[in-house]
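Chemist: Residue-level listing of the chains:
4 protein chains.
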Amino acid sequence: MTETNLTATLLVSCPDQRGLVATVAEFVFRNGGNIIHADQHTDTGEQVFVQRVEWEMADFGIPRESLPAAFQPIADSYGMNWSLHFSDEIPRIAVLVSREGHCLYDLLARRRMGELSADIPIVISNHQNLEKAATDFGAEFFHLPVDAATKPHQEARILEKLREWRIDLVVLARYMQILSPEFVQGYPHSIINIHHSFLPAFAGARPYRQAYQRGVKLIGATAHYATAELDGGPIIAQDTVRVSHRDTEATMVHKGRDLEMVTLARAVELHLEHRTIVYGNKTAVFD
Amino acid sequence: MTETNLTATLLVSCPDQRGLVATVAEFVFRNGGNIIHADQHTDTGEQVFVQRVEWEMADFGIPRESLPAAFQPIADSYGMNWSLHFSDEIPRIAVLVSREGHCLYDLLARRRMGELSADIPIVISNHQNLEKAATDFGAEFFHLPVDAATKPHQEARILEKLREWRIDLVVLARYMQILSPEFVQGYPHSIINIHHSFLPAFAGARPYRQAYQRGVKLIGATAHYATAELDGGPIIAQDTVRVSHRDTEATMVHKGRDLEMVTLARAVELHLEHRTIVYGNKTAVFD
Amino acid sequence: MTETNLTATLLVSCPDQRGLVATVAEFVFRNGGNIIHADQHTDTGEQVFVQRVEWEMADFGIPRESLPAAFQPIADSYGMNWSLHFSDEIPRIAVLVSREGHCLYDLLARRRMGELSADIPIVISNHQNLEKAATDFGAEFFHLPVDAATKPHQEARILEKLREWRIDLVVLARYMQILSPEFVQGYPHSIINIHHSFLPAFAGARPYRQAYQRGVKLIGATAHYATAELDGGPIIAQDTVRVSHRDTEATMVHKGRDLEMVTLARAVELHLEHRTIVYGNKTAVFD
Amino acid sequence: MTETNLTATLLVSCPDQRGLVATVAEFVFRNGGNIIHADQHTDTGEQVFVQRVEWEMADFGIPRESLPAAFQPIADSYGMNWSLHFSDEIPRIAVLVSREGHCLYDLLARRRMGELSADIPIVISNHQNLEKAATDFGAEFFHLPVDAATKPHQEARILEKLREWRIDLVVLARYMQILSPEFVQGYPHSIINIHHSFLPAFAGARPYRQAYQRGVKLIGATAHYATAELDGGPIIAQDTVRVSHRDTEATMVHKGRDLEMVTLARAVELHLEHRTIVYGNKTAVFD
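Protein sequence lines correspond, in order, to chains A, B, C and D.
Under this note's numbering, residue 396 is the last one in the first sequence; the count climbs by one each step, no gaps.
Under this note's numbering, residue 396 is the last one in the second sequence; the count climbs by one each step, no gaps.
Under this note's numbering, residue 396 is the last one in the third sequence; the count climbs by one each step, no gaps.
Under this note's numbering, residue 396 is the last one in the fourth sequence; the count climbs by one each step, no gaps.
Isolated chain A (complex conformation) (with noise of 0.2 Å):
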């Protein structure tokens, strides 16, 4: 990444009022920044607006440690929330696992190969059976089991470890166990989970077998930002594949893996890319 295609990302959520597109476009172009990619919406249920502007950085007129002092006029003129991101900024992510590796293997592959802009140092388990898969990419991994007793104390070292490593984003990547909301407050809109069905139909545990049970002709994946609701987070990525009667729950539960990995994946693409705006309890996804 050179200083010549460095771009800034701006997100913007705040109350719908006139104005707000060319505002934005406006500033950017006075100050002569070039606009790679602008989207913006109106939710007119919820008379929300959001807007992901992304621009060019050379021979933008404002530096890149005053941008954010410049802009707070217009913020505050519209009553924003905004953000903004550079494109040189690495994230860094810590994936929680329980004994089911897929989607770990696959976020680690594509951190590898170059697909994913971020670092994945650390990996944390309540199993010890995914150590490997871990170290072999050059993640450090912790075993951290959890038991009634002790899920209070390793939620605590977990917490600890994500401090330590100065941890961005957090993805549930088949972690069976649930976190308090306490720690789900803590990194609001920075912890991803996939739940293996098209939620809000199978929340909870077990969602192959509920499918399995009900007969249906599709099972799903969904991911979506972790709140204190379990399975009730704005939800960013689903995806289905159709099943039949001759799917066991077994079958459906190796049917859904590649769903569950290929919809995890674009989710944590599009919050790395900053595409993503929750509002509500919504997601605007500018893909």
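The reader is advised that the hints may include incorrect statements.
Claimed, not checked - No more than 35 Å apart at the CA atoms, straight line, and that leaves these computed lysine-lysine pairs for DSBU-like:
#1 D/Lys241 <-> A/Lys270
#2 D/Lys364 <-> D/Lys260
#3 C/Lys241 <-> B/Lys241
#4 A/Lys260 <-> A/Lys241
#5 A/Lys364 <-> C/Lys364
#6 D/Lys270 <-> A/Lys364
#7 B/Lys241 <-> B/Lys260
#8 A/Lys364 <-> A/Lys260
#9 C/Lys260 <-> B/Lys364
#10 A/Lys241 <-> D/Lys241
#11 D/Lys241 <-> D/Lys270
#12 B/Lys364 <-> A/Lys364
#13 B/Lys241 <-> C/Lys364
#14 D/Lys270 <-> D/Lys260
#15 A/Lys364 <-> D/Lys260
What the hints assert, rightly or not - Cβ-Cβ distance ranges computed for the label pairs, FRET-style:
#16 B/Asn390 <-> D/Pro124: 55 to 65 Å
#17 C/Arg351 <-> B/Gly247: 30 to 40 Å
#18 B/Glu358 <-> C/His363: 32 to 42 Å
#19 B/Gly295 <-> C/Arg272: 54 to 64 Å
Stated by the list, open to error - Listed next, the stretches of chain C that the computed footprint assigns to chain D, with coverage defined by at least 3 CB atoms under 8 Å from CB atoms of chain D:
#20 183-192
#21 202-211
#22 269-282
#23 345-355
Simulated from the structure, these hints should not be mistaken for lab results.
Positions of the beta carbon are idealized from the N, C-alpha and C atoms, including for glycine.
Starting from the known structure of chain A, fit chains B, C and D onto it as the hints suggest.
Modeler: Chains B, C and D alone, transformed into the frame defined by chain A:
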């Protein structure tokens, strides 16, 4: 349909036992039947065997009218639920509909183009607006408005029409009234409903509103046999389509229409071709 | 459509330059327009910028009839191709069809249910069998049979009908005759064809036979603007559906019908809502 | 895999004749086999019958080693092509790959997690960059660079490795070199290739560039058995994913990766479970 092309279709379900495939195939073969479709499945979870066999009646050694009696001993020895259908039987459909006409138009047009091997002699609605749709396509239209007070009475009149017109299959093509358990139980596996969500998500009223509020990235449609449990019957067909944060409830309704009409038509066709077998609360679909 | 709800939609394409988003947004904002949809894209490969902006005309400072002249200077300074549409304009569609009626029925039913913001005053066919379909839905039907000898003459008659009925959009709803380049060029980006394959696979005749013979596991449908090159015009919408070794050419034809009618209707809707912009041989679709 | 769980799978293809289903089912039943999967199909266009039957060997009356001889008379009388497989046989896979590692990583991870019932003892590449991927997962890595001059020689060395390591299945996991017809014919129905388009569209080089230039709204991937005709062999699995005008060739490449790896893995699994039967240039897939 000439005698030469006539086929028989046998549907079987029974507890799983050895020799089922061989016995049925041998019955057809020994009597000179040429099998043109055979499919079977054992649901190992439920320990149920289901089978569909279709063969040409030309040159078959047992005349049509003697066939049930000839097969009965086999059925008895394995404890089979079974039914036998001939390809020259044309089932009679009643379509029940409320204000939304897309599924009705679609079914009527398919019928006229010869894509459905069934007649649609009557359309019943609690609204008046689709009368011309029905009569243009040669169906009688009955307007049976429903309110809390008249509901039992009107349901009785619907039943009367179904009997009078010798109806084999009732299609609820976005009929927005809940039928009583007694009504539904009178037509076991003979009422097909289209629900405008990927069940079991968003059962009940206003599924698109629920979907919009939950912020899902997929909407769906489910065609199922109606049972006494609302939106809980055996699923025949499901499909989903992508939505995004740009979609309002209104655009979800609009996109959902195409799903609903295609999914319902698919389920009706599968039923008419005797490709569905209900066991427990599930449907085997031999497509 | 009351004056209060009236919206204007501006479609723009031009060589990519800085300031385009800001300039157009500022034009709308300065004149008091409330933007209800704005989307834009730069095709970096082609160096083309395309934009769609829709705003409410209520309270807009420039009267409808003066709007083109007011925008012209901006268009000139950036070298824009542009068009302007008002939401109370109801385009007039001619449907051309051969023997297969599924797309025709579908479009006519959508029109009657108010799902298409267009009129369908005429249907033209080289066969007679769909006359009642057209007239039941209030369209004039013209039977213009075609053979090698009469083709140029009949094409001239079709053109005559299009002019006489002031047709804005021609929909080839499985019209199995090839129109001459001269005909097609007379309606640039105003003829939509449905081809029954996922183009560019299986262009030309009998795509389902080709698909069956090749043993594909997916069949598709493609809606595109007709150009002088057969099946080569800008694609608006495509979809696919699974098939298997069990499918014959006949069942592929049957399954394909649903794809064709839904894909064609989607493309027609996108065109009518001014959500498509053609540049080069491609289509930007702002859905 | 204990003796108790051992199953036999019989694959049959032959000219269509009466009595095939009954004869094979009766053979298994008479000898005490419990059928756990039976599926068959007649391709009426090609007049070919194909069948897959899987049964438990526990309590089966014919010992494993005598089974081929016991079945041979049936095969002879119907002119069958047939093969017999036991569930404790673990095929050996060689993966051939160039620079792109996503399919390789995916296959290796599936193997390690026990999702593929096969070994992957060797990986062969014309580049060096994926050596660590292979060795981390316990596979030998052979670097056999290819240019116009060395191609025949290197192909001979690949063949040597395949023989030396007793390879049953060759997987071309984005191997960007064209193998000679002689090579391919030496492994009939035993080389699976993933092509990064929905064949027959965009055969040959740079399919994503072709797709970008054509402006398609779907991209695809196709897994097929390699034959002497490039990208022309029997198709096992295909899938597509939506793209839009926003996609560049680069983002199509990126989105396509997920399709490629999932489609290839699916095809490899189907092959390993003996669920594919090739006849003519088509594949019956009993899933």
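Chemist: Would you mind marking each hint as holding or not holding in the structure?
Modeler: Tested hints:
1. D/Lys241 <-> A/Lys270: At roughly 28 Å apart (the allowed maximum being 35 Å), A/Lys270 and D/Lys241 satisfy the hint.
2. D/Lys364 <-> D/Lys260: holds, 31 Å
3. C/Lys241 <-> B/Lys241: holds, 14 Å
4. A/Lys260 <-> A/Lys241: holds, 24 Å
5. A/Lys364 <-> C/Lys364: holds, 25 Å
6. D/Lys270 <-> A/Lys364: Measuring from Cα to Cα gives roughly 33 Å; hence the hint holds.
7. B/Lys241 <-> B/Lys260: holds, 24 Å
8. A/Lys364 <-> A/Lys260: holds, 31 Å
9. C/Lys260 <-> B/Lys364: violated, 39 Å
10. A/Lys241 <-> D/Lys241: holds, 14 Å
11. D/Lys241 <-> D/Lys270: Given pair D/Lys241, D/Lys270 holds - Cα atoms ~19 Å apart, limit 35 Å.
12. B/Lys364 <-> A/Lys364: holds, 27 Å
13. B/Lys241 <-> C/Lys364: holds, 28 Å
14. D/Lys270 <-> D/Lys260: holds, 15 Å
15. A/Lys364 <-> D/Lys260: violated, 39 Å
16. B/Asn390 <-> D/Pro124: 55 to 65 Å: violated, 42 Å
17. C/Arg351 <-> B/Gly247: 30 to 40 Å: Hint holds: Cβ distance 34 Å, inside 30 to 40 Å.
18. B/Glu358 <-> C/His363: 32 to 42 Å: holds, 33 Å
19. B/Gly295 <-> C/Arg272: 54 to 64 Å: Taking Cβ atoms as reference, B/Gly295 and C/Arg272 lie about 58 Å apart, which means the hint holds.
20. 183-192: violated (count 0)
21. 202-211: violated (count 0)
22. 269-282: Not satisfied, violated; 0 residues make the cut.
23. 345-355: holds (count 8)
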